[in-house]
Amino acid sequence: MPPDAPRSGRYSVFAIAREALRQHSGWNRAWASPEPRGRYKVIVVGAGGHGLATAYYLGKNFGITDVAVLEKGWLGGGNTGRNTTIIRSNYLQDPSAALYEKARSLYETLSQDLNYNIMFSPRGLIMLAQTEHEVRGYRRTVHANHLQGVATEWIEPARVKELVPIINLDGPRYPVLGGLYQARGGTARHDAVAWGYARACSDMGMHIIQNCEVQGVETEGGQVRAVSTSKGRIGCEKLAIVVAGHSSQLAEMAGFRLPIESVALQALVSEPIKPCMDVVVMANTVHGYMSQSDKGEMVIGGGTDGFNNFTQRGSWQHVEETVRALIETFPMISRLKMLRQWGGIVDMTGDRSPILSATPVGGIFVNCGWGTGGFKAIPGSGWAMAELVAKGTPGPLAAEFGLNRFREGRFIDESVAAGVAH
Amino acid sequence: MLTLTCPYCGVEAEETELHPGGEAHLKRVGPDGSDEDFEAYLFARKNPKGVHFERWRHAYGCGKWFLAARCTASLQVFGTYKAQTPHPPAEIVDAIRAHRPDWQPDWTPEQAQAESAAE
Numbered sequence: 003m004p005p006d007a008p009r010s011g012r013y014s015v016f017a018i019a020r021e022a023l024r025q026h027s028g029w030n031r032a033w034a035s036p037e038p039r040g041r042y043k044v045i046v047v048g049a050g051g052h053g054l055a056t057a058y059y060l061g062k063n064f065g066i067t068d069v070a071v072l073e074k075g076w077l078g079g080g081n082t083g084r085n086t087t088i089i090r091s092n093y094l095q096d097p098s099a100a101l102y103e104k105a106r107s108l109y110e111t112l113s114q115d116l117n118y119n120i121m122f123s124p125r126g127l128i129m130l131a132q133t134e135h136e137v138r139g140y141r142r143t144v145h146a147n148h149l150q151g152v153a154t155e156w157i158e159p160a161r162v163k164e165l166v167p168i169i170n171l172d173g174p175r176y177p178v179l180g181g182l183y184q185a186r187g188g189t190a191r192h193d194a195v196a197w198g199y200a201r202a203c204s205d206m207g208m209h210i211i212q213n214c215e216v217q218g219v220e221t222e223g224g225q226v227r228a229v230s231t232s233k234g235r236i237g238c239e240k241l242a243i244v245v246a247g248h249s250s251q252l253a254e255m256a257g258f259r260l261p262i263e264s265v266a267l268q269a270l271v272s273e274p275i276k277p278c279m280d281v282v283v284m285a286n287t288v289h290g291y292m293s294q295s296d297k298g299e300m301v302i303g304g305g306t307d308g309f310n311n312f313t314q315r316g317s318w319q320h321v322e323e324t325v326r327a328l329i330e331t332f333p334m335i336s337r338l339k340m341l342r343q344w345g346g347i348v349d350m351t352g353d354r355s356p357i358l359s360a361t362p363v364g365g366i367f368v369n370c371g372w373g374t375g376g377f378k379a380i381p382g383s384g385w386a387m388a389e390l391v392a393k394g395t396p397g398p399l400a401a402e403f404g405l406n407r408f409r410e411g412r413f414i415d416e417s418v419a420a421g422v423a424h
Numbered sequence: 008m009l010t011l012t013c014p015y016c017g018v019e020a021e022e023t024e025l026h027p028g029g030e031a032h033l034k035r036v037g038p039d040g041s042d043e044d045f046e047a048y049l050f051a052r053k054n055p056k057g058v059h060f061e062r063w064r065h066a067y068g069c070g071k072w073f074l075a076a077r078c079t080a081s082l083q084v085f086g087t088y089k090a091q092t093p094h095p096p097a098e099i100v101d102a103i104r105a106h107r108p109d110w111q112p113d114w115t116p117e118q119a120q121a122e123s124a125a126e
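So the protein sequences, as listed, match chains A and B.
The opening position of the first sequence corresponds to residue 3 in the working numbering, with each subsequent residue numbered one higher.
The opening position of the second sequence corresponds to residue 8 in the working numbering, with each subsequent residue numbered one higher.
Everything labelled a hint here was simulated from the structure, so no lab data went into it.
Keep in mind the model is a prediction, meaning the values are calculated, not measured.
Every residue gets a Cβ at the ideal spot worked out from N, C-alpha and C, and that includes glycine.
Some clues are possibly wrong.
[Claimed, not checked] Some but not every residue of chain A turned toward chain B, in silico, with C-beta under 10 angstroms:
hint : residue
1    : W156
2    : E158
3    : T221
4    : E222
5    : H248
6    : Q251
7    : G308
8    : R315
9    : W318
10   : V325
11   : T351
The whole structure should be built from the sequences, with the hints applied where relevant.
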């Protein structure tokens, strides 16, 4: 434990009682903010959920704690703090189901593992089938999920109505014909996931360095040597690039290209209302999905921009499109006011599946391409990425997600499962 | 919301009238291309944070494909031009330079000339 790391102490009912007796004077910062050392064994670029989870499992599963996590902005301020917090693993292809189900199952006990309440709420998730094609597609997914050991089921419209009383089943254009239901899907507090991992990493002695932008990657003989940052040069043995929307820029600094395009994805929340919907509902045909936060806001997401975009804004016509579609399915939300709207930059691959891979530069590994649906995958992604970085070769979870799949034509086509949803 | 002027019909169209079509000026790889060439042609799209050239279709207008020069970091539009050009024309390059003096094209004038002659 370096001297600059204040231990936050274990959170428990006894800690609350103790602090209550001394006017809460004993709570330390959850993680330290040290100045960077000159060299680390592993540098992780990006202190979002995926980067912090990678660092955490490097320490927990492989005992590697000489790790720095560099973040150009603030911790969890990118897509980790901008998504709609949905967790599910009802994917079609075997490699995806394995990775996302690993993540979902880790979420089940993550609060206990991290000693930090991430508010995992397995409230159930329905993907509505609103066309005959979707009915067939989702029935196929249910069969695939049964073979993969992912607990999902096909439910009829009456059951959808029972689970979501506010739904209108006979929409004029897209009636609800049934749904793909994952009872242990749900949501979690996205900030807390980043904060919980950061606290655990800091407790292991890792350095989390915010406001530290990577500006260049130094290589020698095809091997990574260091990164130059806004806080100076930092040497490393291995470099993990986990930066979502700016993956192409980091890859360019290191001298290779990624099959990634960056686009804006946006979301919005309504004003808070009384509890009215205790499941997550996704309607992929009309490009909208909705859940209710613990604060009572209806959290709504939609489609991406169709063009490359690095502005974290989004555009009004997407808000209109998404909301126009959702009020047909949920008439009661038509009079709600929008509270706020925001955007994030997502990294899209050609087959809508992520990339967890070694790269043409020795010692550099990438974890990117999560596109519109990365939050749900954070623990599994970190787990698989840590193994890749520690051993240099991917384990079973990451094996199919290498960069070479684009050259070899071994795509993991998830355009149906991930086309909209997040 | 983006507003682009269709170079064919001259209409100033907003994003909802248009359909985006991805990176412009892609070169089709022939049957003798290597695996690397095909991979690059199919997947390795340019993804610059800055000046970018891309295809758009005036979907709810004249229906034609055209090309646009745009900044992905600020959403500024430098201009639009017809699709039948192997490289952006000089006036587009000038328009970009006027706002981004440091910007360098990733093709040479000789390339542009040779390919225009071959058209």
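Here is how each hint holds up against the structure:
Evaluation of the W156 (chain A) hint against chain B yields a violated restraint, the C-beta minimum of about 34 angstroms exceeding 10 angstroms. Contact between E158 (chain A) and chain B, as hinted, is not supported at the beta carbon level, the nearest pair being about 36 angstroms apart and thus beyond 10 angstroms. With its C-beta approaching chain B no nearer than about 20 angstroms, T221 (chain A) sits outside the 10 angstroms limit, and its interface hint is violated. With 10 angstroms as the threshold, the beta carbon of E222 (chain A) stays out of range of chain B, its nearest partner Cβ sitting at about 24 angstroms, so the hint is violated.
The interface hint given for H248 (chain A) holds, since its Cβ lies 7 angstroms from the closest Cβ of chain B, which is under the 10 angstroms cut-off. With a least beta-carbon distance of about 6 angstroms to chain B, the hint placing Q251 (chain A) at the interface is held under the 10 angstroms criterion. Because the closest C-beta pair between G308 (chain A) and chain B is about 4 angstroms apart, less than 10 angstroms, the hint holds. Look at R315 (chain A): its Cβ gets to within about 8 angstroms of chain B, closer than 10 angstroms, so that hint holds up.
With its C-beta approaching chain B no nearer than about 7 angstroms, W318 (chain A) sits inside the 10 angstroms limit, and its interface hint holds. Taken as an interface hint, V325 (chain A) does not check out: its beta carbon lies about 15 angstroms from the nearest beta carbon of chain B, beyond 10 angstroms. Interface hint status for T351 (chain A): upheld, as the beta-carbon distance to the closest one in chain B is roughly 8 angstroms, under 10 angstroms.
Hint compliance for this structure: hints 1, 2, 3, 4, 10 are not met, and every other hint is.
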